[in-house]
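A.B. asks: Sequence:
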Amino acid sequence: MTSILCDTYAGQVFAGKLRLAGFDALVISGSSDEPVYIYVENGEVEVRPARHLWGSGAVEVVEAIRRETRQGASVAAIGPAGERLVRYANIMVDGFRAAGRCGLGAVMGSMGLKAVAVWGNRVPERARPGEWRRLYLEVYKRIRDDEPTRSWARYGTNDGVSVCSRLSMCPGWHWKRPWLPPEEAKKLGGDTVLERETPRSVYKKYAGVLWGWGCPIKCSKLAAPKKKGLEHIVVKPEYENLAMLGLAPGVLDVDEVLYTEWLVNNLGLDSISFGEAASWLMELYEEGLVQRGELTGMENEPRFGSPEAVRELARLVAERRGIGAVLAEGVEKASRILGRGSDRAVHVKGLEAAAWDPRGRRGLVVSYATADVGASHLRGWPRPHQPPSRGPAAEMVKSLIADRDWKVLLDSMGLCSFLPYTREEVAKLYSAVTGFETTPEELVLVGWRAEALARIHAALAGRVPEGDTAPKRWMEPVPEGPMKGEKAAQDWRDLEEAIREYYRQRGYHTTYGIPLPETLEKLGLGWAVGDAEKALKEAEKRIAPKEE
1 MTSILCDTYA GQVFAGKLRL AGFDALVISG SSDEPVYIYV ENGEVEVRPA RHLWGSGAVE
61 VVEAIRRETR QGASVAAIGP AGERLVRYAN IMVDGFRAAG RCGLGAVMGS MGLKAVAVWG
121 NRVPERARPG EWRRLYLEVY KRIRDDEPTR SWARYGTNDG VSVCSRLSMC PGWHWKRPWL
181 PPEEAKKLGG DTVLERETPR SVYKKYAGVL WGWGCPIKCS KLAAPKKKGL EHIVVKPEYE
241 NLAMLGLAPG VLDVDEVLYT EWLVNNLGLD SISFGEAASW LMELYEEGLV QRGELTGMEN
301 EPRFGSPEAV RELARLVAER RGIGAVLAEG VEKASRILGR GSDRAVHVKG LEAAAWDPRG
361 RRGLVVSYAT ADVGASHLRG WPRPHQPPSR GPAAEMVKSL IADRDWKVLL DSMGLCSFLP
421 YTREEVAKLY SAVTGFETTP EELVLVGWRA EALARIHAAL AGRVPEGDTA PKRWMEPVPE
481 GPMKGEKAAQ DWRDLEEAIR EYYRQRGYHT TYGIPLPETL EKLGLGWAVG DAEKALKEAE
541 KRIAPKEE
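If you're matching positions, the sequence shown starts at 1 in UniProt numbering and goes up one per residue.
Derived from the structure by calculation, the hints contain no laboratory data. The hints are all genuine.
As a list, the in silico PhoX-like pairs of lysine-lysine whose alpha-carbon atoms are at most 20 Å apart: (1) K141 / K218; (2) K176 / K187; (3) K205 / K218; (4) K218 / K204; (5) K472 / K176; (6) K186 / K226; (7) K187 / K226; (8) K398 / K522.
Pairwise CB distance ranges (calculated): (9) E308 / G130: 55 to 61 Å; (10) E395 / R144: 31 to 37 Å; (11) G130 / G55: 48 to 54 Å.
Backbone N, C-alpha and C define an ideal beta-carbon position, used for all residues, glycine too.
Please model the entire structure based on the sequences and the hints provided.
C.D. replies: Structure follows, in structure tokens:
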């Protein structure tokens, strides 16, 4: 959806089962004239017809595919949104976990690919199996017994509403209420969600797919709304779901949010991007910038606090019908289609922002602005930063770079970023599995290399440096609460200076943010120097140089 490189991740057991099937990775290219799904089992790959599955929900289709393959297969599938190429369609894994960002579900839909199912029972090879097992057990026990980490087993991220409210970092009412009074935050807080957790007996059916193999925490739990007529078993919502399907549209009823989560997952929509699109429209409607007659296909008025309007919009988006066809393009393009609302759209480089408002943590805006994929909260959290008059940006940027490179490394390895691995542990485990000796310092260069290449691509696509900025909403002062008056940066110049400091520390062009030749050589990417020089020339043509 952003025209630049993207990556997205989902938990559970798909990757492990792919490895047991005899593959480290699966590369899919081309397209099919008829709907198909791919089945992988013990070294064999089949392309099977899926016309009878086309139109099925991404949650509901899992059992249908298992009946045709293996009951223990892991299934990554798209829903109707992916089939209709909604730009933020997701890929649901086993009906519970979402590879949600950037619209990779639409990529599968464009291929005519409904799903990929994998099963295997081969023993994976490891270079030094004895050493690997010893290290694994040591790390497992240390993390399992780590008291701060053990709280994840109870809540996962679904106590995030309490945290974001306390810090004034919520996207409430389309980013107009980053702080909520405790009594309001409690309505979507961790303990309230915990009351909806299903009995342990329900877990038996899903025990093989609910948690990532070997996880010492097992934070995923199942939940179900208590309200009559909304009953559906869902994975207990992550903070992003509660925030973007609850706080952003102003819905503080946890049962309604749980049911909306099930619907959005089944339709195959990214909850973050959809939640931004829906709440953005609600703001435009309530402020009179969109009229009732423009809301083709809608029965409910899109007002804050209406779960019915949220769910109606989800269906319209997935069907690309009426106003839903506009929202299906994402808020950046939707604002161009409508010819208004771009100053209220909260995105970076076309990717709708994750549900952490940087006005509550000075410095986080630099992470959003410089992230190669757009407004992702998984590209590093810096230490909080005060404006230049109260402290330099250099240390904040340094901490951002360290955390970003670590997070990208963990993502590249398929490791959970919530577990407190040490760098030494990861390096030793990597060496034991692959046989390649490495150090923590060498490994974290993976993050820098990945970003450098992605920024060259983004510059060629016209997203860098133009997209290295922030939404206007975040530069408005927080209206109430302990952070009242705070902005994501002191002013636009403060933000620009911090971004330039990021460029400087990274070894990028300080005006255009493109990796310098000497930086690429240092990273072992000398072969990309020509592309970087081409990207720089094109950026110079597009925009006039800013003052140094």
